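K.L.:
Quick note, the sequences are listed as chains A and B, same order.
The opening residue of the first sequence carries number 1 in the numbering used here; numbering runs sequentially from there.
The opening residue of the second sequence carries number 1 in the numbering used here; numbering runs sequentially from there.
Everything labelled a hint here was simulated from the structure, so no lab data went into it.
Among the hints, a few may not be true.
[Claimed, not checked] Pairs of lysine-lysine residues, derived as DSS-like cross-links and limited to a Cα-Cα distance of at most 27 Å, are as follows:
#, chain 1, residue 1, chain 2, residue 2
1, B, K226, B, K30
2, B, K314, A, K126
3, B, K314, B, K226
4, B, K314, A, K124
[Stated by the list, open to error] Chain A regions said to be covered by chain B (calculated; three or more residues, Cβ under 8 Å):
#, segment
5, 104-118
6, 134-140
7, 143-149
8, 225-237
9, 284-297
Computed from a predicted structure; not experimentally measured.
Ideal placement from N, C-alpha and C gives every residue a C-beta, glycine not left out.
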Amino acid sequence: MVFYVIRRILQAIPVLIGTTFLIYFLVFAMPGDPVAALFGDKQPNAELLKALREQYHLNEPFIVQYLYYLRDVVTGNFGTSFSGQSVNAVLADTIPVTARLALMAVIIEMIVGVAIGLVAGLRKGKLFDLSSLVVSLLFLSVPIFVIAFIGQFGLGFKLGLFPTTVGADASIPRLLLPAIVLAASLVAVNIRLTRGSVIETLGNDFVRTAFSKGLSRGRVIRVHVLRNSLIPVTTQLGADFGILLVGATVTEGIFNVPGVGQTLYQAIIRGERPTVVSFVTVMVLFYLVVNIVIDLVYAVLDPRIRYVK
Amino acid sequence: MSSNTVPRRSAEHFVAPVSETPVAAIDQVKLDDKRSNLWTDAWRDLRHRPLFWVSVAFILLFIVVAIAPGLFTQVPPNSQCVLGNSNGAPTAEHILGYTKQGCDVFSRIVHGAGASLSVGFLVIAMSGITGALLGSIAGFFGGWVDSVLMRLGDIFFSIPYILAAVVIMSVFAAYVNVFVIALAIGAFTWPSTARVMRSEVLRVKNSDFVMAGTALGQSRIALMFKHVLPNAIAPVIVVTTLSLAAAITAEATLSFLGVGLPAGVMSWGNDISDAQTDLRSNPATLIYPSIALTITVLSFVIFGEMLRESLDPKARAQR
Numbered sequence: 001m002v003f004y005v006i007r008r009i010l011q012a013i014p015v016l017i018g019t020t021f022l023i024y025f026l027v028f029a030m031p032g033d034p035v036a037a038l039f040g041d042k043q044p045n046a047e048l049l050k051a052l053r054e055q056y057h058l059n060e061p062f063i064v065q066y067l068y069y070l071r072d073v074v075t076g077n078f079g080t081s082f083s084g085q086s087v088n089a090v091l092a093d094t095i096p097v098t099a100r101l102a103l104m105a106v107i108i109e110m111i112v113g114v115a116i117g118l119v120a121g122l123r124k125g126k127l128f129d130l131s132s133l134v135v136s137l138l139f140l141s142v143p144i145f146v147i148a149f150i151g152q153f154g155l156g157f158k159l160g161l162f163p164t165t166v167g168a169d170a171s172i173p174r175l176l177l178p179a180i181v182l183a184a185s186l187v188a189v190n191i192r193l194t195r196g197s198v199i200e201t202l203g204n205d206f207v208r209t210a211f212s213k214g215l216s217r218g219r220v221i222r223v224h225v226l227r228n229s230l231i232p233v234t235t236q237l238g239a240d241f242g243i244l245l246v247g248a249t250v251t252e253g254i255f256n257v258p259g260v261g262q263t264l265y266q267a268i269i270r271g272e273r274p275t276v277v278s279f280v281t282v283m284v285l286f287y288l289v290v291n292i293v294i295d296l297v298y299a300v301l302d303p304r305i306r307y308v309k
Numbered sequence: 001m002s003s004n005t006v007p008r009r010s011a012e013h014f015v016a017p018v019s020e021t022p023v024a025a026i027d028q029v030k031l032d033d034k035r036s037n038l039w040t041d042a043w044r045d046l047r048h049r050p051l052f053w054v055s056v057a058f059i060l061l062f063i064v065v066a067i068a069p070g071l072f073t074q075v076p077p078n079s080q081c082v083l084g085n086s087n088g089a090p091t092a093e094h095i096l097g098y099t100k101q102g103c104d105v106f107s108r109i110v111h112g113a114g115a116s117l118s119v120g121f122l123v124i125a126m127s128g129i130t131g132a133l134l135g136s137i138a139g140f141f142g143g144w145v146d147s148v149l150m151r152l153g154d155i156f157f158s159i160p161y162i163l164a165a166v167v168i169m170s171v172f173a174a175y176v177n178v179f180v181i182a183l184a185i186g187a188f189t190w191p192s193t194a195r196v197m198r199s200e201v202l203r204v205k206n207s208d209f210v211m212a213g214t215a216l217g218q219s220r221i222a223l224m225f226k227h228v229l230p231n232a233i234a235p236v237i238v239v240t241t242l243s244l245a246a247a248i249t250a251e252a253t254l255s256f257l258g259v260g261l262p263a264g265v266m267s268w269g270n271d272i273s274d275a276q277t278d279l280r281s282n283p284a285t286l287i288y289p290s291i292a293l294t295i296t297v298l299s300f301v302i303f304g305e306m307l308r309e310s311l312d313p314k315a316r317a318q319r
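Please construct the entire structure, taking both the sequences and the accompanying hints into account.
P.N.:
Structure below.
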């Protein structure tokens, strides 16, 4: 197990270097002089320009600049946003909100997705199965911002069930509508996956054995079918996290949730490229870490993975 | 993992006595009859599925709309916008009403189809071909070629592609057109195609008929093109169809975020983005382009799902 953990972390290092290099290269390729952009229309004096170039290592070759950037990323220094706050301070304020929202969305999605997928799998080919197919394909196709607007307009504005925007007070009841929207964008994949997995598990010999030794249908489904069907669903959580990051950007923007996504959304809209880059870097790092953690958890759950070369 | 140790599920072998075996029937099989293969089997299955035909009809409809929008509306989408008509209700000539700028909603939807579809097709032209090529090379040659290509793919795969596209689009904000946006999406979606292609090539490479080909002295290149690729391509086509749908959604999402096509270009994403400020007073201008977008994506998703279910015997059994 220790070897697996070390190998998995070592594998992540080239990916980390590659992704940060890629992001940095894109920013480096950005046309225009970043120092001149700081001054807007004003003409700064040459001394000041020179001093700033020195300060930001702009005179160094590309690869040296990248190494400075990598050092900053590794030491957790992501620069300052346009408003002058350090990105770290902004992150400290916004991450708890986004984490709460994401967790709520994942819990809703898991409960609804697994429940519908299980019933659809057990009633293969029946009306419930077919309607769950139609509904999940529909949710798979509707872009998240459309779901968000329909939720905001229908549930929030017309029916008045939820507040239409969240604002500064991001408590759990106020985050419910954005969390449902976020969950709706993920639930389709979960339903399909659970259904397929349930159907496959039902065909196994151990299920037949469980029935033939006289266990009740409820117990067979709970203990034998559901537990074994959940393995692929758990793995999918890692891939979901990427969709969740993008979804959070859009949903938080629309519902005015003061989280990481909304800060990124605002930065995109205002064209604050350096802020966009810092936030995307942070999100990608998160994504990498979460996927490593999920792989490790998965290795704990399923011993076969640890031993495969 | 070796595959030959997996026991076949519920395998019951029934061997009929020789006297009962209809040998005559075997003799009567015409060898020059049309041979059945994966694709003819899939086609025989697909033909009878109404959902498949519905999705094909919608895809064809949207392609025709994208190529010749003039056939569907006589109203120019950009000129003849009268601010007096701002957010106006539908009339006989303007069946879906007016936008905030007083333009015809229906006409803008019809003319916006081109942007969405061309981004979708350009993305699969770029990332589908790149992914299939790199994936088949990695799978077929193996060794260090495989390691290098797949680690490279891991790097691109580790950045959620919409976030990557946001960075690229904010870098190239000045030069945005359909090609740039397709490149921004395609540059980060090819690894998923490459992974599927690679695993399929690996599966096919170890089958008996490829070994037979090697034994008969066929060259590696001929083997690859004549035997491996045709047998490995089916899941790749399915993934490509689904990624086309994802690319259309991605384009709309980028336009919605304000880093997609420039404001002057007609696209569903831009129209939805423009309409969001008037969501409460005039939801129609937001809902109609959203419906068009959803139906397009849904058609490609259903088309892909139907293909997958028909091409994959395991999925066919799950129905």
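K.L.:
Give a verdict on every hint.
P.N.:
Status of the hints after comparison with the structure:
no.: 1; hint: B:K226 with B:K30; result: holds, 25 Å
no.: 2; hint: B:K314 with A:K126; result: holds, 19 Å
no.: 3; hint: B:K314 with B:K226; result: holds, 25 Å
no.: 4; hint: B:K314 with A:K124; result: holds, 15 Å
no.: 5; hint: 104-118; result: violated (count 0)
no.: 6; hint: 134-140; result: holds (count 3)
no.: 7; hint: 143-149; result: holds (count 5)
no.: 8; hint: 225-237; result: violated (count 0)
no.: 9; hint: 284-297; result: holds (count 4)
The structure shown violates the earlier hints numbered 5 and 8.
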